Structure formats: C-alpha cells, structure tokens
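J.: In case you want the letters, here they are:
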Amino acid sequence: MSEIKQMFFVEAIRNAVELEMRRDPTIFVAGEDVTEGGNYGEYLNMVQEFPDRIVDTPITETAIVGLGVGAAAMGMRPICAMSKVDFMMVAMDEIVNQVSKFRYMYGGNVKLPMVLHASFGVRRQAAAQHSQSLEAFFTHLPGVKVVIPSTPSDGKGLMAAALRDDNPVVFMQNLRLLPTKGDAPVGEHILPLGKCDVKRDGKDLTIVAWGGCVQESIAVADKLEKEQGISVEVVDLRTLIPLDLDGILKSLEKTGRLMIVHEAIQQSGFGAEIAAQVADAGFDLLDAPIKRLGAPLCPVPSSPILEAAYLVDQAKIEAAILGFLR
Amino acid sequence: MKLSNEKMLEMYETMYRIRAFESKGKELFLEGKLPGFIHIYLGEEAVATGVCATLNNNDQITSTHRGHGHCIAKGGRTDLMFAELYGKETGYCKGKGGSMHIADPALGILGANGIVGAGMPIATGAAFALKYNKTDNVAVTFFGDGASNRGTFHEALNMASTWKLPVVFVCENNGYGLTTAQARHQNIKDISVRAAAYGIEGVTVDGNDVLAVYEAAEKAVTNARKGGGPTLIECKTYRHSGHYVGDPEKYRSKEEVEAWMSDDKDPIPRFAAYLLEKKIATKEAIKAIRSKVDEEIVAAVEFAVNSPDPDPANLLKGTLVEI
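Respectively, the protein sequence lines represent chains F and B. If you read the first sequence in the working numbering, its first letter stands for residue 1, the second for the next number, and so on. If you read the second sequence in the working numbering, its first letter stands for residue 1, the second for the next number, and so on.
In case anyone wonders, no lab produced these hints; they're calculated from the structure. These figures come from a predicted structure and were not determined experimentally. Among the clues, some could well be false.
Taking lysine-lysine and the BS3-like style, the derived pairs with C-alpha atoms no more than 30 Å apart in a straight line are [unchecked claim]:
hint, chain 1, residue 1, chain 2, residue 2
1, B, Lys7, B, Lys24
2, B, Lys317, F, Lys111
3, F, Lys250, F, Lys199
4, F, Lys111, B, Lys226
5, B, Lys7, B, Lys283
6, B, Lys292, F, Lys111
7, B, Lys26, B, Lys283
8, B, Lys164, F, Lys111
9, B, Lys2, B, Lys164
10, B, Lys88, B, Lys317
11, B, Lys134, F, Lys111
12, B, Lys278, B, Lys219
13, F, Lys291, F, Lys254
14, B, Lys226, B, Lys26
15, B, Lys33, F, Lys195
16, F, Lys250, F, Lys226
17, F, Lys254, F, Lys195
18, B, Lys24, B, Lys287
19, F, Lys203, F, Lys316
20, B, Lys279, B, Lys7
21, F, Lys250, B, Lys226
Turn these sequences into a full structure, and let the hints steer you where they fit.
T.: Shown next, in the form of structure tokens:
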C-alpha cells in the first residue's frame with residue numbers, strides 16, 4: 001500500500017511535474033514568472049532543483065508556444081506555462097495551426113510531446129479577461145488532448161500521464177479548486193487519460209462535469225439526497241479529449257437522465273458536444289432530453305454581486321436538478 | 001572565404017535544381033496536373049542555396065509557404081517532393097501536407113509553413129533545444145519582408161537575442177508581401193536595421209549573389225555555433241513569378257519583372273558567368289550539370305505520377321501518436 005499524504009490541488013500537480021522532471025531529463029518548463037513559482041505556485045521552488053529547466057520568458061505567448069513546438073520537434077518535452085487560459089488566446093494561431101497539425105501535416109514524421117499548462121475560471125473578481133473557461137476551443141482541434149482534473153490526487157495522476165503522452169496535451173487547473181486539499185499518493189501516481197471517473201454513485205440522474213463543478217455538484221447531490229432522497233450520480237470527466245463516451249453511457253444505463261455542468265459559457269461549451277454525442281449513441285438510454293448548465297452569454301463581470309450571479313454555483317446546480325426532475 | 005571549386009559547382013547545381021523543379025512545377029500546375037496551389041521560388045535560388053551551403057544535416061531550418069527552394073537546398077529529394085505535390089502516398093508527408101508543409105527531420109527540415117511568420121518562433125525553439133543539449137548546431141529561419149512585420153518576428157528575435165540562442169534569421173526581401181509592395185507595408189527600406197532593436201548584428205546583402213549570401217551566412221552561422229547568438233541577414237532578391245502560380249500580378253509592371261530576370265540580375269546566369277570567368281568551370285561542365293538535373297526532374301515527375309494515391313482509410317492516421 002503506497003504512502004498517502006494530504007496535498008493542496010496545485011501542490012499535487014506540481015509534485016507530478018517534479019517527479020516526472022527527475023525521471024525525464026528532456027522536460028523543461030518555460031513561461032512567465034516560472035522561476036518565481038508561477039501564478040499559483042505551479043512551479044514553487046522548483047528552480048532550486050532544476051536551475052536550467054525552469055525558464056522565465058518574456059510576455060510573448062506566441063513565442064512561448066512556438067518555443068515549445070520547436071523544442072518538442074527536436075525531441076524535448078516542454079511544459080509551456082501559459083498562466084491563464086485567457087492568455088492562451090494570444091497564441092491561438094500557434095496552437096491551432098502548428099501544435100494541433102504539425103504531426104499530421106508532416107506525415108507523422110514529427111511528434112510534439114508537449115504540455116500547455118494553464119489556470120482557468122472565476123476567482124476573486126479578476127474580471128472579463130482573467131476569469132474565463134475556454135476549454136471548448138481546444139476540444140475543436142484534431143491532434144490535441146484536453147485534461148481537466150477535479151481533485152489533488154487526480155491532478156497529480158493526470159499531469160504525470162500528460163507528461164508521458166507523446167501528443168500535445170492542454171492541461172488546465174480550475175482556480176475554484178485552489179483551496180482544495182485531498183489525499184494523494186506520495187510516490188509515482190499515473191492515471192489513464194481518456195477515462196472518466198464516477199465520483200459519486202446515484203440512480204436518478206447523471207451529472208457529467210469537470211474541474212470545480214464536480215465538487216459543487218457532489219455537494220448539491222449530498223444535500224438533495226439527505227433532504228429529498230434524490231440520488232444523483234456525478235461523473236468526473238477528467239479528460240475532455242479523448243472523450244470517454246462509453247463511461248458516460250454506462251452511467252446513463254442506470255439513470256436515464258443526463259445533465260452536463262460546466263463553469264464555461266453554456267453556448268457552444270463542451271457540454272454541447274457531449275450532449276450531441278450522447279443523443280446520438282445513447283438515445284435509447286434517455287428518459288428525458290439532455291440538459292446543460294453553463295454560464296450565461298456575457299463576459300465575466302467584475303462587481304462581486306454580478307460575478308456571483310454569473311458563476312455556476314451550488315444554488316444554480318440545485319435549481320437545475322430540481323427543474324429537470326420535475 | 002575559401003570555397004572549393006567542387007563546392008561552388010555543387011552550389012550551382014543546387015540553384016539549377018531549384019530552378020528546374022520550380023519551372024517544372026509551374027508548367028505542371030498550369031497544365032492542370034497538380035492539385036492545390038504552389039508558391040514558387042523562381043528567382044530566389046541564391047538565398048536558399050547560399051545559406052544552406054553553410055549547414056549540415058543536424059542543423060535545422062524552418063521554411064515558408066514558398067519553401068521548395070529551402071527544402072531542395074537542404075538536401076530534399078525532388079522525387080519525394082513531387083510525390084507530395086501530387087498528393088501521393090510516397091510523398092514526404094504521405095500526401096497529407098502538400099506544397100506548404102514539406103518536412104524531413106532526417107535532413108533538419110522542420111517544415112515549410114503556410115502561416116506567414118510562423119517559422120521564426122519554431123526555429124527559436126529548435127535552437128533552444130540545440131543549445132540545451134550542448135550541441136554546436138544551429139537553426140536557420142527563412143521568412144520574407146511581409147513576415148518581418150509580424151509579431152512572431154519581433155517575439156522570436158527578442159527571445160533569441162535575450163537568451164543568445166543559435167538561430168540565424170534570414171529575411172528574403174523580394175519587395176512584396178503578397179501583392180503589397182514593401183514601401184506600402186513598412187516604413188523602412190533595409191529590414192536589417194531592425195536588428196538594432198534587438199541588440200544584434202543585422203546585414204543586408206545582394207540576395208541574388210550566391211557567394212555574398214554564403215559569406216554572410218557563414219559568418220552568422222559560425223557566430224551562432226560559438227554561442228554568439230542570432231544574426232539578422234537580409235537578402236535583397238526578387239521572385240520571377242507571382243505570389244502563387246496563376247497570380248495575375250496586377251501589382252507589378254512587366255518591365256520590373258523583366259529587369260530582374262535579365263542575365264545580370266538573375267542569380268543563376270550571374271553565377272554561371274562568374275564560374276566561367278574565373279575558370280572554375282567550363283561551359284561543358286555547366287551544361288553537363290544542367291542535363292543531369294533535367295533528367296533527374298523528369299524521373300522525379302515520373303516517380304510521382306506512377307506512385308500510389310494515399311488510402312482514405314488512413315485519413316485519421318497521424319492526428320495522434322497512437323492513431
């Protein structure tokens with residue numbers, strides 16, 4: 001039985017990076033403020049152990065991703081520390097036209113083992129350009145995997161897997177989970193990409209979620225079970241791409257009802273793709289239309305009252321579940 | 001700069017190979033035989049040739065949408081290139097990349113690229129890896145006057161100069177960014193002046209003088225190998241054809257094009273005249289090179305035409321490592 005320790009969310013992810021960097025000398029981290037530890041401690045104190053491999057870059061996201069492409073094409077394994085997903089948009093040409101397509105366009109002659117690491121989501125009224133959930137953009141690309149953990153242990157296991165995957169992986173950490181602490185293995189811990197995880201068993205309704213919405217959904221499910229005997233199953237997607245459709249369908253065999261919950265704007269969020277795939281492959285399993293709960297179609301407002309009205313939270317999840325089941 | 005006669009004849013052959021490949025490509029395209037579209041390098045042969053003559057297979061290049069010249073100069077095979085243009089299974093990229101995305105890692109060709117300016121940050125990344133792994137290899141990134149206005153130019157030069165990376169920036173200034181003349185798309189005349197903004201050396205050379213290109217490239221590449229960081233080399237040149245084959249070229253005059261195509265400006269007759277004058281080669285030797293290359297091109301096209309098409313069953317192959 002391997003040793004377990006309580007770790008904070010970012011700490012556990014960082015631990016995976018450290019272990020992998022000790023094991024694999026081709027891994028390096030490049031991004032803004034990384035020697036200072038990154039925005040939220042993603043690389044805290046790592047420059048001491050890896051002085052040549054934690055590299056501060058200028059504020060040039062385009063060049064950061066291009067750096068990653070060139071280095072990965074040469075056999076290294078870069079982690080492009082992109083800070084927040086909002087800033088990844090600056091490098092979208094590199095991501096869409098280079099990272100996603102390099103291997104295919106060049107007939108499989110090259111591979112790009114690289115991780116694009118970013119935070120996402122609402123936190124402390126950072127407002128419109130620093131609070132977004134933009135994972136959907138990356139799910140529309142061939143040649144890229146998209147990973148979003150919801151617990152410290154999963155964060156560690158999935159980051160390790162991302163750093164052993166020879167494809168480009170967009171790995172994003174939901175800022176809503178910063179205060180989260182949980183048990184995580186101390187030693188090597190690797191989870192498979194492309195496999196969802198049932199975080200809470202239930203039989204009346206399946207919620208598919210990722211990141212912080214998993215924890216919010218579990219809290220609501222516990223409350224509704226206690227107060228009203230409603231039994232909600234919460235499936236943590238963990239990897240958006242490749243999508244574990246079978247895992248979702250397996251849950252629907254039990255419940256017959258699907259609700260997808262994400263912090264991202266509801267319109268054209270990744271929930272739409274899941275809904276379409278399930279409606280196609282799982283039509284016979286469904287007792288009701290598929291529901292999605294996401295943010296409204298507006299930029300994230302700065303005033304705390306407006307931000308709270310915007311954010312997908314437990315109250316909105318509960319109302320959505322009750323509305324669905326009525 | 002001591003270039004052997006043999007090396008100079010090799011350079012002539014390379015320039016002529018590019019010329020023959022591109023001329024044949026243009027001809028085939030206009031006959032409706034090539035899918036897609038091509039951006040040809042006719043007139044700019046001295047730049048790719050002069051620069052790549054300073055490099056070995058472990059040095060890396062990134063190229064542009066107008067990349068056939070760079071690929072050939074770096075050792076790319078004309079048969080595999082034609083097969084790629086024809087969209088065949090035997091092409092460099094199994095028919096999946098086409099003209100703008102030819103790459104061969106074994107030759108240090110990190111790819112032609114359809115996004116103007118995309119190669120510069122990628123070459124910078126390759127240079128990072130080359131330095132990190134303590135090699136003395138370099139990366140060279142080719143780009144045009146149009147691309148020199150892109151953010152990628154500034155970001156890559158900034159990063160490469162700050163970190164002293166072994167990457168040489170070669171600007172092929174052919175006077176036009178797409179259909180817009182240089183004077184209308186930038187406020188400067190010599191792009192090499194932008195080097196000062198990054199604290200590095202910038203030089204402007206006659207891009208149609210293969211020996212001048214070689215000399216500047218050799219100096220920059222040697223400097224990069226020794227850890228001296230990047231250099232910006234601007235090669236003034238001209239493309240004989242339009243931006244793409246079929247371009248009606250309304251934006252430039254026939255007189256201007258013809259002037260650049262004259263024997264004293266066209267890099268290939270210029271170099272031939274030099275070789276003859278300095279008695280480095282005889283007329284017969286040059287003729288023999290041209291015949292050999294002409295035959296090679298005919299065979300290359302035949303190879304491509306007779307090659308199998310890719311199997312649609314393999315459509316998704318290459319998207320991910322496991323597929």
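J.: Let me make sure I understand: some of the numbered hints might not hold for this structure. Which ones are they, in numerical order?
T.: 6, 14, 15, 21
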